[in-house]
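Take the given structure of chain A and dock chains B, C and D to it, following the hints.
There are 4 protein chains.
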Amino acid sequence: MPQSRKLRAGILGASGYTGADLVRLLITHPDVEITLMTAERKAGLPLVDVFPHFVGYDLPDLIGLDEVEWPAVELDVVFCALPHATSQEVIKGLLHATNHSLLDELIVETPADLASSIQGEVKVVDLSADFRLRDTETYAKWYGRTHQATELQPKAVYGLPEVYRETIRSASLVACPGCYPTAALLALVPVLKAGLISPHDIIIDAKSGVSGAGRSLKESNLFVEVAEAMHPYGVSHHRHMPEIEQELAVAAGENLTISFTPHLVPMNRGELETIYVRLSEGTTVEDLRGHLIETYADEAFVHVLGEGIAPATRMVRGSNNCVLNVFPDRIPGRAIIVSAIDNLVKGSSGQAVQNMNLMFGLDETTGLMQAPMFP
Amino acid sequence: MPQSRKLRAGILGASGYTGADLVRLLITHPDVEITLMTAERKAGLPLVDVFPHFVGYDLPDLIGLDEVEWPAVELDVVFCALPHATSQEVIKGLLHATNHSLLDELIVETPADLASSIQGEVKVVDLSADFRLRDTETYAKWYGRTHQATELQPKAVYGLPEVYRETIRSASLVACPGCYPTAALLALVPVLKAGLISPHDIIIDAKSGVSGAGRSLKESNLFVEVAEAMHPYGVSHHRHMPEIEQELAVAAGENLTISFTPHLVPMNRGELETIYVRLSEGTTVEDLRGHLIETYADEAFVHVLGEGIAPATRMVRGSNNCVLNVFPDRIPGRAIIVSAIDNLVKGSSGQAVQNMNLMFGLDETTGLMQAPMFP
Amino acid sequence: MPQSRKLRAGILGASGYTGADLVRLLITHPDVEITLMTAERKAGLPLVDVFPHFVGYDLPDLIGLDEVEWPAVELDVVFCALPHATSQEVIKGLLHATNHSLLDELIVETPADLASSIQGEVKVVDLSADFRLRDTETYAKWYGRTHQATELQPKAVYGLPEVYRETIRSASLVACPGCYPTAALLALVPVLKAGLISPHDIIIDAKSGVSGAGRSLKESNLFVEVAEAMHPYGVSHHRHMPEIEQELAVAAGENLTISFTPHLVPMNRGELETIYVRLSEGTTVEDLRGHLIETYADEAFVHVLGEGIAPATRMVRGSNNCVLNVFPDRIPGRAIIVSAIDNLVKGSSGQAVQNMNLMFGLDETTGLMQAPMFP
Amino acid sequence: MPQSRKLRAGILGASGYTGADLVRLLITHPDVEITLMTAERKAGLPLVDVFPHFVGYDLPDLIGLDEVEWPAVELDVVFCALPHATSQEVIKGLLHATNHSLLDELIVETPADLASSIQGEVKVVDLSADFRLRDTETYAKWYGRTHQATELQPKAVYGLPEVYRETIRSASLVACPGCYPTAALLALVPVLKAGLISPHDIIIDAKSGVSGAGRSLKESNLFVEVAEAMHPYGVSHHRHMPEIEQELAVAAGENLTISFTPHLVPMNRGELETIYVRLSEGTTVEDLRGHLIETYADEAFVHVLGEGIAPATRMVRGSNNCVLNVFPDRIPGRAIIVSAIDNLVKGSSGQAVQNMNLMFGLDETTGLMQAPMFP
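Protein chains in written order, with our numbering: chain A, 3 to 377; chain B, 3 to 377; chain C, 3 to 377; chain D, 3 to 377.
Check the hints yourself; a few may be wrong.
Incomplete in silico selection of chain D near chain B, CB under 10 Å [stated by the list, open to error]:
hint : residue
1    : Gly211
2    : Val212
3    : Gly216
4    : Ser218
5    : Leu224
6    : Phe225
7    : Glu230
8    : Met269
9    : Arg271
Think of the hints as simulated: they come from the structure by calculation, not from any bench. The beta-carbon is built from N, C-alpha and C at its ideal position, and this holds for glycine as well.
Next comes chain A alone, as it looks inside the complex (with noise of 0.2 Å):
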């Protein structure tokens, strides 16, 4: 691919766990350099004094984001990595500041290659919660304050590759899915399009690491209450939810609403989820697994293991891959889907890059192929 210079990057919220990989995927990124790096109470550090894991990179200083001149930056893409309701202020704020065509009222298709990409607007990739939910009502009742930007969540992009490659291609905003849905969607829309599970008796059980709680210091993050334990937490509230419902309505073509319950395991990452399904009438657990191995068999971070082999977390540490399989239920007519992704790369910074790929007509597994590390 010819090109005559590497796409220049932000990171929004560098100072994060999701900002740290985000810097550790982009730092081996054979088309990307990062420009820029805002972090509010870093501000004007070098990353090295957050992150000391990156000594020996070559990276520029932490800024505030009130420091940041953005139509002069001259970035090709934005990761917004920062907690949700500050990011879409911050991404409307510089949307207007770079008189950027989005907020026209037709969407621009913008086009989607590299070539041609490097020359134009910035395009946003936003790793919070604030454009993944379609209805912005629903948005305030989870989230329990009104939106800022409805007139951008028409134009954003809900970034699940593997389910919206095409729209993301021509996409100028981007909103990463939770980590939570991507494990459970990629399990489940393929076999609700596909008419062959009930869409009323999905019951996620899920269980995650600790860095999917980010790094704010709340007691039930230290290390003492959650060594050697765990427990469920948010039963029947977290905001994953509508998400998770509003894509898998999507796939099912009717409403539809979950059980999911989160888990809390002491590890850095990893996020695994056991899902108990009910299989349409005349479906078996094998059409159920078949047609997983099919919709995934060109897939290049989807796999579906051998036949009655466990999905693990330790299969995709630090890897963009998602596992799956599918076993009986010994209640007939019932199965198991297991799902598993690392929650900081396929179910956030990763998954981040994989649309950015997209978005400017790279190869979508460029810079993602490093193999798990296990051990």
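Okay, now just chains B, C and D, sitting in the frame of chain A:
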């Protein structure tokens, strides 16, 4: 309680994790002294060579099973922490060797108080799976071998004190429940008995620490395979399933099939079950929770937590407690029950001691009131 | 031991990890009842709201320090688990409030037996650093503030029972040693006293679990920062250094300077020190080991392991034990002493209870004989 | 770099942790393709059956060593990740089978650039201990067996690139250093060479994650034995001692004996060494630190951290980096050097790839610049 001497306890299979935790609990039990411990590969060694953490305690050396001179050894109680299959043969053997009345056709109720018991025949608390399943054909099917002590099976009492307390009091042979069944049954038996949930839509998503897998040398138990990771195992064919179904069927008054999926979690101890149930017509989540509160109001070891508080394994670590709670599910008509125990205590050795207390007319909580260890 | 009633114990600062472990130990102590617990931010709550693992135990609610009516509250013993600096002021205040004879110029020896003690004045067991350093100028230098109770300092006894047992028996104010000092002093005091090693070539490489850092909200205590990782901290300026040096100087009979480097290890509990020493002329490793064996032959909580067996933190988890051993070094004339404790028990709350037992004429091991918890 | 094809690499012993990490690193190496992998017990299986995390990568099946047809297999480089003792025999065998010029009496310098190398004879990178010790009698003493390839030993180059870079470039057989030696030598060789510290007062307190112990089924490697605990092992007789001493002696220009104590830490990866040294007369801590900074100024993988920042294993996880720092000791005239690596990367597989890069005239960092993985 007047008594001339302490109960003489033997532990068969003292070199495994279950054995170690039995020793830990019995060391501070005021009415027991450990007078015999066996271990095959470690026979001849002081226990401290196998478990150096017992340095400073005065305990008998390990001997081989062959070396035990049954009639002469004069034990009041035998804890059998041997692997299944071995257990049934050893127990049968020791009953024959002591010419035990349990071998008679009629079951002789034993006097369940310390003063008279310690004059009598040895009582057996079996921690293996060998006498848990009432139907020896089910045993044969799930354990892959014909039961070798079918004549003893009907005389064994299922040792879940909160359900079978009175029967246990006068039993000579108690089969301690498995760890997964314990957590499941404490949550489900009362509400099934009361008809509050459907017996045909029970999904148990179970998570366990690694000590549950024992001390055997399997690659899957190595630190590096387990740490920083999690995964399901034995999906739809774990051997605790028929045991759970057996007891739930008794509670429900009809046969039933459950969905049960265990997961391995990187922690030493602890077991958590997230149980998805369908409420009976007209029953509410409050009914369910209220019924469990009422059921366990006077129980020393089972506690329903305050509304909305999620059970966590750290709340029971090292103790004989089970903590429970009930949550609404977003799917109408469904509820979620969460149950947490320490797999080695209430799920094994602690429950064994609780059974022993009952069998000898001791206060059920004797030696078991140590608080959970957090941190 | 005849006694009319249990000791009434108060715990100041019950919502931290040290407080939690004090409660755990006192709950099963046969001669103590907890009648008062304070916690500032959690005042007004039942302890179970802060530490749900105490569900089922009958304990008083948490109150604020301001709410304690000192003379009226009628405590026999106060455990002060407050931060340093706060501790000295609170202890001074309560002594004044109760018009305590310790404030008199002469130190009054208190009667160290339960029968007479519980009629008398309150005794204080301080778990903070405030009364450990005899020289308040050293305190000022290392803790960055002037000591506010210099008049009390000379009346405090350093609470390492294996060294100061007799003095502790008649003390009214005991300063419990820090966790690192405890492990170091048990290894080094006897051999320095006996002149077996050089006082000027002592290198202590210490490793601790994370509970030693307390429950405060610091980024460095977050699970993700600590898990799957380790690192040294406070190199050459950890506050336990002057405390270790103070006591080693007493043992050696001369001033000395040590090398001490603590490390944070991804585990909840446990502390291990690998101590590199130079043998005195003519002394052998066997002499060193033999002397420690002899010294601790009758001690309940300190154990020298069998030759060649390496102390491990898992051998003491949850117990008041210290395990020691001595190894030859390859460098001629040097030896290696390894010492392991549970930082929250022998390194803090257990030792506090041991001191309390001595101060009230109880058997020193009362309530402290629970076996270590492995697994 | 123009090249007609990729290097064909074989991995002998691909089913261990070292093998797995080699595969991980080589998968994304732009100049290498893995064309052969052996594993005895797993022969005949796809690698994905042994390491399911490699799902989705195109790799050859595992074969047995016996099945390798050496001359025909046409490898450019062989990585030997076999156990010591086996390694020497296998390497000897493959050199004979290929009639390798290394067997000639004179050592033939190999052309160290890719273009010419890949036309030539196979080069061997040995990750075992078999060719590390120059003195085969020392080998016999520490490894308990006579060396079976003494004639090859003088032709092996010790593969620590930062010390032996130029020799490695033209070597045909490289012996990769052990993990502990790597971390120690990077810290000590430069300052010994410069005469800044005493060679006779070096104490190395080392801590390692569990993957260093390999994948063998030993009780001491079980999760439950290791988690939530730590302990020293091999005190004064670990096999890495003579290797460290050999290389330090070269640097110091005189024989020396070190004190070395390794500890097992509950983490998968990572190694940290806290090294206590005595400064030479007139040398300061700043001199020491300054000299290391200068030495490693142009090294890609060795980094001296900012003043006062403590090296931590999380800073190097998954990367080929070593982070170092120097601290003052409170004992006058002493200093503390801390060194951290990932035992599987810079301590094993990464260093092997670094050596291969040098041996084939590739840029030394090729395929090794992935950033550390934190979280």
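Results of checking the hints against the structure:
no.	hint	verdict
1	Gly211	8 Å, holds
2	Val212	4 Å, holds
3	Gly216	9 Å, holds
4	Ser218	9 Å, holds
5	Leu224	5 Å, holds
6	Phe225	4 Å, holds
7	Glu230	6 Å, holds
8	Met269	7 Å, holds
9	Arg271	9 Å, holds
The structure agrees with every numbered hint stated previously.
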